[in-house]
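**Student:** Now for the letters of each chain:
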Amino acid sequence: MAPAVRLHEAVALAGRFPLLAGASLEVGEGEVVHLRGPNGAGKTSVLKVLAGLLAVHSGEATVLGRDLVADRRAVRREIGMLGHQSFLYEELTVEENLRFAVRANRGVVTGIRPVLEQFGFAGRLASIPVGRCSAGQQRRASLAVLVARGARLWLLDEPHAGLDQDGRDLLDELLTGARAAGRTVVFASHELERAEAIADRVVHLAGGRVVEPPEPTGASDSPAPSAQAARQTISGPAVPVTEDPAHVA
Amino acid sequence: MSTPARVLPQDRPAALRVLGATALVGVVATVWLGLFVTPPDQFMGNLVRLLYIHPPMAWVAFLAYGVATLASLLYLWPRTRAEHFDRLAGASAEVGVVFTGLTLVSGSIWGRPTWGAWWVWDPLLTTTALLFVLYLGYLALRRVPGEFHVRARRSAMAALIAFVDVPIVYFSVEWWRSLHQAPTVLNPTTHKTYVHGSMFWTLLLGFVSFTLVYIWLMAHRYRLARLQDLEDVEGLEVALEERRAEGDAG
Amino acid sequence: MNGYVEAGYVVVLGTLGTYGVALAARERVARRRLGTASSAAPTGTSAKADFPAQAGEASAVEHRAVEETEPGSGP
Amino acid sequence: MLRDAVLVAGKDLRIEIRSRVGLNQIGPFAIAVLLLFGLALGPDRRVLAPASAGLFWVAVLLSTLLAVQRSYAIESADAARDGLRLSGLDPAGIFLGKASAVAAQLLVLEAGLTVGVTLLYGAHLSGALVLVAACAAGTLGLAAVGTLYGVVASGLRTRETLLPLLFLPVVAPVLLAATKAWDAALAGTPSHAGGWLDVLVVFAVLYIAIGTVAFGPLLEDG
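Chains as they are written, first to last, in the numbering used here: chain A, 1 to 249; chain P, 1 to 250; chain W, 1 to 75; chain D, 1 to 222.
Rather than coming from a laboratory, the hints here were simulated on the basis of the structure. Treat the hints with caution; some may be incorrect.
Cβ-to-Cβ under 10 Å is the rule here; a few derived chain D residues that face chain A [as the list claims (entries may be wrong)]:
hint: 1; residue: Leu7
hint: 2; residue: Lys11
hint: 3; residue: Arg14
hint: 4; residue: Ile17
hint: 5; residue: Leu23
hint: 6; residue: Asn24
hint: 7; residue: Gly27
hint: 8; residue: Leu129
Pairwise CB distance ranges, derived in the manner of DEER restraints [to be verified]:
hint: 9; chain 1: A; residue 1: Arg113; chain 2: P; residue 2: Glu83; range: 48 to 56 Å
hint: 10; chain 1: A; residue 1: Ala161; chain 2: P; residue 2: Arg143; range: 31 to 39 Å
hint: 11; chain 1: P; residue 1: Pro145; chain 2: A; residue 2: Arg66; range: 40 to 48 Å
hint: 12; chain 1: D; residue 1: Leu41; chain 2: P; residue 2: Arg112; range: 25 to 33 Å
hint: 13; chain 1: D; residue 1: Pro217; chain 2: P; residue 2: Leu139; range: 14 to 22 Å
hint: 14; chain 1: A; residue 1: Arg113; chain 2: D; residue 2: Leu107; range: 31 to 39 Å
hint: 15; chain 1: D; residue 1: Ala32; chain 2: A; residue 2: Gly182; range: 53 to 61 Å
hint: 16; chain 1: P; residue 1: Trp118; chain 2: D; residue 2: Thr161; range: 43 to 51 Å
hint: 17; chain 1: P; residue 1: Val208; chain 2: D; residue 2: Leu107; range: 35 to 43 Å
hint: 18; chain 1: D; residue 1: Ala111; chain 2: P; residue 2: Arg81; range: 19 to 27 Å
The C-beta atom is built at its ideal place from N, Cα and C for all residues, glycine as well.
Pulled out of the complex, with its shape left as it was, chain A reads as follows (with noise of 0.2 Å):
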């Protein structure tokens, strides 16, 4: 079967800053998939990408079978993304929120109802504007909106931020609900306990490419079948550039 994502190479910019700088990745269906690195790695640029909000500049990039060097629109609907932004409407309740958000995916608004629920939004709470809520509240709403639209592949960029011990504790439960119901989910977190406790697999970023795990002393627990498919997918034999930074070819 084919990868749920797949990059090869991938190169992305910011104007002329290379986010990824020839990252290459595969996620498998029902693959849960911790993207770790230090600040600045490009966790979020792969996580951009992956949604189609980035432009691949080169390499190639496939996502739940779509090419999104050819069209990046066409995985949208399939996708759901938890950024740094929360991307709700401040004005608006949570409830209209959430009915817009599902409805602008062309989903059923009946379903909305549970989910509310199941975020705590029960009640009077879902008729508050967002812009009143608490930050952790909007970051419940943002998880809810992800949830409502039934999203195939879930794209979270620090999902743990924001969120109260118990919203932390909901946000694990949905990720294990959501492995169990085949989804695909790639994050990235900090946090790197409760990130090891849900993903079947670390992804090491550093310098905008997926690379071997930095300094194998401290990664003793190596998870054995897994982390070799990872391996594989790593882009070739990390490029031996082992003179100074500012070597060019």
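Dock chains P, W and D against chain A, hints included.
**Tutor:** Same frame as chain A, but now just chains P, W and D:
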């Protein structure tokens, strides 16, 4: 980007040199004929001499916008999409804006003694002025940085959206003006039929020469754009190396 | 003549000249910065006969023998 | 597409009704413009009344800029493009929806401005049908062009300055035609407005068509 010699000889194709030379000679001849050889006009006196340069300016401006529009179309059309059409559109539009500015200035200089005002709301003049700002906007948009194809496609679409406006602007301005009592404008095109033989040839030479000047300028603007794009590509390679090294170091 | 005509010619030719010179200069700078011009040898195949440009009536009809600076060297 | 357009327009208008930015900011802005025109041209009604059509439409043009900027500001601020793209909405639908929401707000504003020019400049209203028709067609054209260039500018760091530069020259024919149509109506000769109304309709139809096609690619770029 292995750096060979810092200073390189000029890389100018012979054709471009010949073109430049021909254009220069043509312009010099036009100026000479226009200022010293042709007789003053019986109605306009010496002011007629401005007509050897003003209509060619306007013609080149419209030609340049036409080329820019065509190049934008070719860029948008998937089968003909190529980077050089984007550069061509940008180069032509920029030269077009220069010539539009000169059209306005030379027209204004001619208008002051002829109509007694630096500016009259003549349809052609008004349309030209609007075109000037319209394409200044286009150039401003082009200057917004971004990934090459993103910028190119955005610019090409903006060029077409702007171009659709041109006939509407012209038509409405024309009609707007015709409702008022138009000042007796000496229309250069109808006036041409009365002109003395040498005047006609001078005007014709002006058209040809300034068209060549346009081609020369555009070619150089194009080459400059290509160099800048090359520089971006090279810069990208360096940036990619640096970015990767960042990963290897960590 | 009457000032207007001269002003018109000066503005038009001056602007075009300045623009042309600016373009050529920017091209030169870009090329130098790039440092990778494709040809290392001068490309002047035959047009290396450098006659200084003569503004005015002299040799106005002779083509291609004029060193190509920017067109528009004032009246 | 139309379904999405209704959805987006409904959403935008609901946000507007809740936030009242149009009512509290764009409206007062337009009134301030009318007052300033009055100050610039002096208190003589013989000067102001004949100019009222033109001043009215200049005020509308400037207000359109604000309305368009607001229309994109409500799309989660800086992530306007990303949010709209992720929504899964049909781009043509987004365009039509946003443009009609802007147009609806402008029409309300124009009703207010009409009262304004009557009171402040002493414009004598007549030919109501032509006035309304010019408003309808002219506003659609303005909203279409505004929404189209709005998405071009949105997400660019220079959007506040770029939008007016792109927008104003393009809508010059609307200013011209709408002003002439209003002039004709106010002068009591509404039959002279016919051709100008045609210009407005052609402009609106043309740019709505262009926007429907071009909005998608423009939304994706950048």
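**Student:** Take the hints in turn and mark each one as holding or not.
**Tutor:** Status of each hint after checking the structure:
At about 6 Å, the closest approach between the beta carbon of Leu7(D) and any beta carbon in chain A falls short of 10 Å, and the interface hint on this residue holds. For Lys11(D), the suggested interface contact is upheld, since its CB lies about 5 Å from the closest CB of chain A, less than 10 Å. With a cut of 10 Å, the hint placing Arg14(D) at the interface with chain A holds, because the nearest CB-to-CB distance is about 7 Å. Of the supplied interface hints, the one on Ile17(D) holds, with its beta-carbon coming within about 9 Å of a beta-carbon of chain A, less than 10 Å.
This hint is violated: Leu23(D) has a C-beta 13 Å from the nearest C-beta of chain A, more than the 10 Å allowed. Because the beta carbon of Asn24(D) sits about 13 Å from the nearest beta carbon in chain A, more than 10 Å, this interface hint is broken. Given hint, Gly27(D) at the interface with chain A, is violated; its Cβ is 18 Å from that chain's nearest Cβ, farther than 10 Å. Restraint check, Leu129(D) versus chain A: the minimum CB separation of about 36 Å is more than 10 Å; hint violated.
At about 53 Å, the CB distance of Arg113(A) to Glu83(P) agrees with the hint of 48 to 56 Å. Separation of Ala161(A) from Arg143(P) is about 36 Å and conforms to the stated range, judged on CB atoms against 31 to 39 Å. A hinted range of 40 to 48 Å is violated for the C-beta pair Pro145(P) and Arg66(A), which are about 29 Å apart. About 27 Å separates the C-beta atoms of Leu41(D) and Arg112(P), a value consistent with the hinted range of 25 to 33 Å.
Here the CB-CB span from Pro217(D) to Leu139(P) is close to 21 Å, well matched to the stated 14 to 22 Å. Between Arg113(A) and Leu107(D) the beta carbons are some 36 Å apart, a value that agrees with the proposed interval 31 to 39 Å. For Ala32(D) and Gly182(A), the Cβ-Cβ distance of about 59 Å falls inside the hinted range of 53 to 61 Å, so the restraint holds. Taken as a hint, the range 43 to 51 Å is violated for the pair Trp118(P) and Thr161(D), whose Cβ atoms sit roughly 28 Å apart.
Distance hint for Val208(P) and Leu107(D): a CB-CB separation of about 53 Å, inconsistent with the stated range 35 to 43 Å. Evaluation of the 19 to 27 Å hint for Ala111(D) and Arg81(P) yields a failure: the beta carbon distance comes to about 47 Å.
Hint compliance for this structure: hints 5, 6, 7, 8, 11, 16, 17, 18 are broken, all remaining hints hold.
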